[in-house]
Amino acid sequence: MIEFRGVSKRFPDGTLAVSDVDIVIPPRKTTVLVGSSGSGKTTLLRMINRMVDPTGGQVLIDGTDVATVDPVVLRRGIGYVMQNSGLLPHRKVIDNVATVPLLRGVRKREAHARALELLDTVGLDRSLADKYPSQLSGGQQQRVGVARGLAVDPNILLMDEPFGAVDPIVRSELQQELLRLQGELGKTVVFVTHDIDEAFLLGDQVVIMQQGGHISQAASPAEILANPADDFVADFVGANRGKRVLHVTEVDGRRVVVDDDGRAAGVLAS
Amino acid sequence: MKWLWSNLDLVGELTLVHLALSVPAIILSFVISVPIGWVAHRYRWSRGVLLSLCGLLYAIPSLALLIALPIFTGQRTTSPINLVVALTLYGIAVIVRTAADAFDAVEPDVRQSATAIGYASFSRFWGVELPLAGPVLLSGIRVVIVSTVSLATIGAVTGVQSLGSLFTDGLQRGIQAEIITGIVVTMALAIGLDWASVAIGRLVMPWWRPSRAQRRRSLERVEQVDAS
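Chains as they are written, first to last, in my numbering: chain A, 1 to 270; chain B, 1 to 228.
No wet-lab data here; the hints were simulated from the structure.
Ideal Cβ placement from N, Cα and C applies to all residues, glycine included.
Some hints here could point you the wrong way.
[Unchecked claim] Chain B is faced by these chain A residues, among others (derived, beta-carbon under 7 Å):
| hint | residue |
| --- | --- |
| 1 | M51 |
| 2 | V52 |
| 3 | V72 |
| 4 | R75 |
| 5 | R76 |
| 6 | Y80 |
| 7 | M82 |
| 8 | N84 |
| 9 | L103 |
| 10 | A129 |
| 11 | Y132 |
| 12 | Q176 |
Construct all of the structure, not just a fragment, from the sequences and the given hints.
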């Protein structure tokens with residue numbers, strides 16, 4: 001369990017990125033932080049592995065204040081996946097996946113064997129192991145990034161807009177893959193995105209953040225749609241318009257669901 | 001040509017001597033410049049001072065430096081060590097800015113992700129920053145190679161044997177073939193070392209695919225230095 005207690009972050013230039021955040025991130029679930037740019041969602045994520053230290057409050061992992069843990073040790077125990085994969089361009093795919101175990105002193109043979117298994121896990125062919133990241137497609141690179149994040153079998157996986165830079169078809173593929181993986185592995189995933197559809201698709205808990213690092217609402221997608229906390233949330237998730245507002249109409253005796261624009265969304269199960 | 005055939009031994013020996021003067025200076029200037037360049041990259045406030053100071057070295061007239069250096073090194077003016085020190089200083093002047101640029105050129109994303117997955121700063125330098133700075137560093141070394149090999153000939157004026165001795169000797173004795181041989185062999189040596197450095201670069205950086213644009217850029221750098 002990850003817990004933020006009264007956490008704030010003011011950067012040296014005076015901007016308040018996160019202000020007085022209290023939130024609990026439940027274990028073995030996916031929590032998605034969503035908001036527009038400048039809402040402090042990435043800053044919040046980076047406080048978990050001390051890439052950013054808060055200027056006020058505490059971040060706790062299973063009751064331990066992360067400020068008391070050596071940042072390098074902490075980071076080696078937490079999976080991290082970022083936009084544009086963040087792979088090391090001068091290391092082969094297999095070495096990229098094995099990076100963290102090797103840093104932790106696992107023997108090369110062992111680390112490589114495990115890395116090959118991880119390639120299977122994320123749906124990559126083992127023949128890619130000896131390629132360099134630049135020889136892979138964007139989607140493949142992102143899968144390698146996920147494999148690297150899982151390499152030490154961490155309890156926590158941090159994902160910072162991991163699918164932001166790939167095309168929509170590949171993105172939806174990667175999203176489905178993440179749902180499958182999460183179903184099998186049950187990690188505590190903290191996922192940052194600015195895409196509300198992605199947030200609703202992946203999140204067990206969705207945290208909607210507002211300019212200046214306030215949390216507007218933290219709840220399940222269904223709850224947010226049913227009871228948006230305020231106008232900002234309602235507007236952000238589009239609860240009052242477009243494809244979120246569905247009506248039932250009858251066509252040839254079957255009940256069809258259409259959205260606000262009249263586009264068919266599906267049929268109602270009887 | 002006749003002169004060359006009858007003096008092949010001399011030319012061969014001077015080529016080896018020339019190599020023995022240039023290669024240590026090239027390696028030393030590289031080894032010294034990398035940490036200086038890294039500091040200039042890492043600590044912004046130091047950048048202006050360090051790069052200006054090192055660049056200023058190049059403004060010292062070479063003959064004056066060769067004559068003045070013994071005061072600091074305690075060597076005789078005619079000592080090869082004296083020349084190697086001078087060449088190293090000029091090498092540093094040429095490569096330090098490139099070394100700082102090389103570290104600047106490492107993608108912030110990659111550096112940040114390396115930190116995020118648990119690289120400590122020491123291992124990150126050796127495992128990530130230095131290798132990724134490699135291609136730009138190599139382009140710097142290539143410029144140093146060319147400038148050092150050509151500059152080493154000046155030793156002949158202060159009494160240090162090198163391929164430059166072919167110029168001074170040829171001038172005194174009025175043998176044009178000797179002077180031309182000196183020029184051609186010096187250039188060939190520079191080109192040979194340049195190729196060798198690229199070959200070594202490919203070997204230690206198998207991930208590196210020099211693009212056409214990069215190759216053109218490093219060529220332009222060589223031309224700029226030659227012109228100055």
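Each hint, compared with the structure:
1. M51: Interface hint status for M51/A: holds (6 Å vs cutoff 7 Å).
2. V52: Nearest chain B Cβ about 11 Å off; hint violated.
3. V72: holds, 5 Å
4. R75: holds, 4 Å
5. R76: Holds, because the Cβ-Cβ distance from R76/A to chain B comes to roughly 3 Å (cut-off 7 Å).
6. Y80: holds, 4 Å
7. M82: Because about 5 Å separates M82/A from the closest Cβ in chain B, which is inside the 7 Å limit, the hint holds.
8. N84: It holds, given that the least Cβ distance between N84/A and chain B is near 6 Å, below 7 Å.
9. L103: Result: holds, 6 Å to nearest chain B Cβ.
10. A129: Cβ of A129/A sits 14 Å from chain B, so the hint is violated.
11. Y132: Y132/A check passes; min Cβ-Cβ to chain B is 5 Å, inside 7 Å.
12. Q176: Since chain B brings no Cβ nearer than about 24 Å to Q176/A, farther than 7 Å, the hint is violated.
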